[in-house]
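Student: Now for the letters of each chain:
Protein chains: 2
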Amino acid sequence: MNPLSDLVVQDPWKIIQNGFSNENNKKYESLCAIGNGHMGQRATFEEDFSGATHSGSYMAGIYYPDKTRVGWWKNGYPEYFAKVINSTNWIGLSIKLNDQKIDLAQAKIESFERTLDMQTGLLTRSFVATLPEGEKISVKAKRYCSAVDREIGVVEYELTIIEGEGKIQIKPFLDGDVMNEDSNYELKFWEETKKQIGNSEAYLEMKTKKLDFYFGSAMKFSIIKNKQELSFKGNEQSKKKYAAVVVKNKFEQGDIFKIQKLVANCTSRDCDATTLEEKCHDALAKAHMHGFEKLEADHIAKWAATWKDCDIVIEGDVAAQQAIRFNIFQLYQTYTGHDPRLNIGPKGFTGEKYGGSTYWDTEAYCLPFYMATTSQDVARTLLIYRHKHLQKAIENAEKLGFKNGAALYPMVTMNGEECHNEWEITFEEIHRNGAIAYAIFNYVKHTEDSVYLAEYGFEVLVGIARFWAQRVNWSEAKKQYVMLGVTGPNEYENNVNNNWYSNYLAAWCLRYTLEVAEFLQANHSNEFVTLCGKLNFDLTESKDKWMHISDNMHYPKMENSDVYLQQEGYLDKENITCADLPLSERPLNQKWSWDRILRSPFIKQADVLQGIYFFEDQFSQDELKANFDFYEPRTVHESSLSPCIHSVLASKLGYNEKAYGLFLRTSRLDLDDYNREVHEGLHITSMAGTWIALVQGFGGMRVENNMLTFRPHVPKEWTSFEFSIVFRGVRVSIKCRENGVELKSNAPISIQVYNDKFDLDGSNSIVVKTE
Amino acid sequence: MNPLSDLVVQDPWKIIQNGFSNENNKKYESLCAIGNGHMGQRATFEEDFSGATHSGSYMAGIYYPDKTRVGWWKNGYPEYFAKVINSTNWIGLSIKLNDQKIDLAQAKIESFERTLDMQTGLLTRSFVATLPEGEKISVKAKRYCSAVDREIGVVEYELTIIEGEGKIQIKPFLDGDVMNEDSNYELKFWEETKKQIGNSEAYLEMKTKKLDFYFGSAMKFSIIKNKQELSFKGNEQSKKKYAAVVVKNKFEQGDIFKIQKLVANCTSRDCDATTLEEKCHDALAKAHMHGFEKLEADHIAKWAATWKDCDIVIEGDVAAQQAIRFNIFQLYQTYTGHDPRLNIGPKGFTGEKYGGSTYWDTEAYCLPFYMATTSQDVARTLLIYRHKHLQKAIENAEKLGFKNGAALYPMVTMNGEECHNEWEITFEEIHRNGAIAYAIFNYVKHTEDSVYLAEYGFEVLVGIARFWAQRVNWSEAKKQYVMLGVTGPNEYENNVNNNWYSNYLAAWCLRYTLEVAEFLQANHSNEFVTLCGKLNFDLTESKDKWMHISDNMHYPKMENSDVYLQQEGYLDKENITCADLPLSERPLNQKWSWDRILRSPFIKQADVLQGIYFFEDQFSQDELKANFDFYEPRTVHESSLSPCIHSVLASKLGYNEKAYGLFLRTSRLDLDDYNREVHEGLHITSMAGTWIALVQGFGGMRVENNMLTFRPHVPKEWTSFEFSIVFRGVRVSIKCRENGVELKSNAPISIQVYNDKFDLDGSNSIVVKTE
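Heads up: the sequence lines are chains D and A, in that order.
Each step along the first sequence adds one to the number in numbering that gives the first Met the number 0, with nothing skipped, and position 442 is 441.
Each step along the second sequence adds one to the number in numbering that gives the first Met the number 0, with nothing skipped, and position 180 is 179.
Derived from the structure by calculation, the hints contain no laboratory data.
Incorrect hints may appear among the rest.
Not the full set, but computed from the structure, chain A residues with beta-carbon under 7 Å of chain D [stated by the list, open to error]:
#1 Gly484
#2 Lys743
#3 Asn745
Quick list of the computed label-pair ranges, beta carbon to beta carbon [stated by the list, open to error]:
#4 D:Pro586 to A:Asp269: 41 to 51 Å
#5 D:Glu622 to A:Tyr184: 44 to 54 Å
#6 A:Thr539 to D:His547: 56 to 66 Å
#7 D:Lys477 to A:Glu584: 49 to 59 Å
#8 D:Lys477 to A:Pro339: 44 to 54 Å
#9 D:Arg675 to A:Pro339: 37 to 47 Å
#10 A:Asn17 to D:Asn403: 11 to 21 Å
#11 D:Glu78 to A:Thr539: 37 to 47 Å
From the three backbone atoms N, C-alpha and C, an ideal C-beta is built for every residue, glycine too.
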């Protein structure tokens, strides 16, 4: 199937599915997923559905430590592999007309629409269908996870009888008897601990196996029949891990049943498990008191406020407009910074792949987005998250044989412990450690928050630097330091020697940590003395050793060229490029065996180029060009984290068409399902890369000379684009047109556009003309 | 715990455990395991035992295709991971005295002995113990898996009442409700399909999940009380997957109960499942007719005949004598060549690790043993096993992207399909393919069976050669062929480039296949024409291409030295040797994390040296010495397949003490539990390596100048050693003493001793004096 054969409708604010197809159902369940940072879910149906579906309703921070001891065991493997787990289905609403379930897989569908409105954060659905025995109905459903009262989920379901009459049964339910799609041996992760069912309400409390997370859902519903609240005697229906109330009534042509279901979802992460039921009921009562109208109005208002700060407006290109909003919207559905124990899972609340844990994606991709679109506290919170995990990172390094406070942050984590179990990743994809150091550097550059360095950052940097200093070894053969057995960002190579990016990052990290030490010594001398004692850190001794490593690191390079080699021996590979690859063999990770991928020269994602991107001021434009021209033709971009970096670099090189193509690819990765896997969930963390490609690429946003800087160019497909950046407490808005740039700020600030400095007065806009 | 603190009693023919220890129980369950090629089991107790035990009873060729889709999936992964599975416990005999079970974990043990008699193939056990309520008993148990009637298992159990009186309950049973130790998520592999219980007999039939292997066990027992056959009314005791007969009686001091249990174990591998019960009953009836005495006498006679051919007698060193017999005995318990569909699992019938499937161990280690100790049909059968799997090997290669009949034999297999799931092994440890080609070469050299080449061997060779020709690629940088992304025999390196051994083997394989082609063209021209047609093989074209590869292969080498580098970049590793490793860090695979092992220079098992061993006539003694002196100090020998090869090479270099030390290590690997894992089972396939170390190392046995050749040296710890070799249908016996060698054959033959030729007349022995 051509992935582009079923294109998403282009709309500046909405994701619309027009017409139903069983084959595409899971795809739209992903695309229309909703969430509020506390909880979220795929856009599955409220009513029964026996067709192709991937039920998934997830609670932030709730996971299951599944076995890693399956198959072969290697020493140093983590104790468990963390899985984000499918939790109680709280949207459920089963309806029978004359004993037939409403089930679109069994009905004749006349019309169908599913819409995610990104402006309001509302998921709606409507359809007209005929049941097997002839009853014809029309349904309008709406739901959301409140962006204000995060525990609250709201479902409104309006059923109109177009034809038919007889008995109707309406059964709102809570179903905790759910399983993960990726469950091994069909293991279920939840046990029931409590249940209560009333006339129009129910409470179901579940507990996870092993870690004893409790999850309570309290629901309350009402039924309005033909605009009159129905009074009914609800019958309890209870089975294991399941609570429902059955309401029976009659229906005839023209009847309209409106079911309003309110649910409060709380977990023992937020309160003592013994008070969970109370907490759910309190939240439910409060929401019920507010009423459906106010709940919805508050929710919409909150989204409006969020959009005010983070929206990017593109004129002249609806596809790009829709895409960038989709990316921003999903990021803010997934992570809001309200809970410092949370982080950003690669699939957010939209699927199970990658376990929902924290990856280096956060530091390398997401941090710049949050740092520039909202209060800097959010970025700081993300960094402090890693500081909280420092002790675990030290223990993780110790498990692998490192000593003296060396820290290796996990590749994947829920609580600081490593929970990924591929040796080539877990033990070897250690550049993640450098990305965390880089994020600190990046944050401080953007915010000038040097207090963070004294409070948190330096400790993290020292742990990371100590790791690198132990991870390299002296090669007698080369008379240089080498780093053996690593996996770079390009995971299509494993266990390579002297990955240029890792070596470069490690050497930089050693130098930067020393710089920070000297900065703190000079500027936060008291704290520095305390830190040195706490960390047993000796600046002189560390400097001797670390500078020796940094000055004598081996960097593989192509002879007589500016091209850095991705790793030792890269040039022994077949000298072919993506142009030699038939389309039928793409994506390689689906078409080729793993060994073939490993042997091939093809690159999954930016690797050398990731380093040049991070440290761009250390490379000339010629060097950038040489490396881009060599690597881009060999890069298959089969990681969602890849095209954005290439796009930024292409922009910098003036490869504008390339930059735009790569931007489109990253921004519409899920909408256009490039990798044919959107049914599994969305690529949440890489969505920040889309933002980067636009803001840093087309917008040319940097921090240079200690000033916010822009070097915009407008893709020729666009009329203009407009975004705003929070920089050191000031919000700067910029609108870029082909012939000029308009800037404004909410407080006085000096900024740089191209190479000139401008002073914004905090109220009036200025216009910078371009050729 | 020091593994040597609990040394096995030294005895030339027996493995004896004197005194019971719960801690060591599993170890002796492994060491005293019994088998007959058709079935086998760990030396667990017949009666109940609530202490530390690893129940394991296995049927050759019965396996379960467990999931490989656990955790992360890589394209090309095999569909399943094959597991040898623990099957119906047919030895079971539960005895209660006054309602207390005989259970050594609950009893006070006065004396205990467990003995495996390797000369007779009998496992016996005796103990005196007092039960919690004071009854004192003495037990003598004996059992074996008949070496003649392979379906038949025999248990004799004699219980003497030393003190006490009251009620006794004797319950012989068949228990199919068993699990694997390595079961994931406690999955059970067997379902019950049939059961019948009579007065003194029972039948239990089980079926495996997924593959529907049926396994029937029919038992019949009698009880002799004080030398009189007891007549009793047996009560059926049946529960799921379990069949037992309960006999009740009284006991008083001095009573002797002798229980004789006869079991026939057949599987649907050997007959239609519908006739399985009949087959079991027939086998049981036949055995019953023979009676216990004849059964045992036949069994012992069969072992005596086996020993006559394969025994090695060492004078002056009981530890070595015991060890070599232990190794030979276990090999002949595991594989006898009677069933061409079977092969040699790494743990035989003694444990579950490695899945009981076929590895390259068979070709590289076991084939030489069987080839030289028994009829050449057995070795031929082992080779034909791979020919039967050729189509699957081609399919396996196709899955990985190879074409045109290239064959990649699986790393691990039950039926020709790959069933191992670590990418670095499954996809990359491809030297196994070469070991199969080498085995063909080795077999033909030993037997001169060129008909085999025409019938089977050439097809296999062409498939393998085609694989190598596609697996290499031309490096523009080196202007040579390279082989990227492999794992050599040293599995402490993964995904390396230009593993010297693999490159050498591949190039040799291309040349050898061409040689065989030319030989067949000249000597079996009709068959050759047919084969060329069948295989679509063009000799000229293949020769051009393959010789170009073979002539231009890259072999990494140390500058200004004869040392071949294990792989590209080996010299970048830390320059340390095993002497730098504290004992507390050994074995590395238990003490070090995987990444540390990978980065280190330490070598698990012979790699470059494996190549020099295989192709010794292509390397000078100086080259051998340079490589041995470089690699042996870096080799930790944490594979059971390693010390034997080093021992042979040390012998060749005149490093006699080293050779002897390595021999002891390989020969007593399990007896002295060097790797602290014998409780998991024995290292069956590497036992052939022990034989190699002795026969090729100390005996200096080779085929040279088309003659069987010996260059013996006697370890100074020994007075003499004596063994015999089957060579082209003639059995040659040799006894080696410090001052000379005595040789005899059972038919006229010319042989070479050191560098001189001698003619044996087939009856008289000759003596060759040495300095």
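Student: So which of the earlier hints does this model not fit?
Tutor: As far as the earlier hints go, 2, 3, 7, 10, 11 are violated by this structure, in ascending order.
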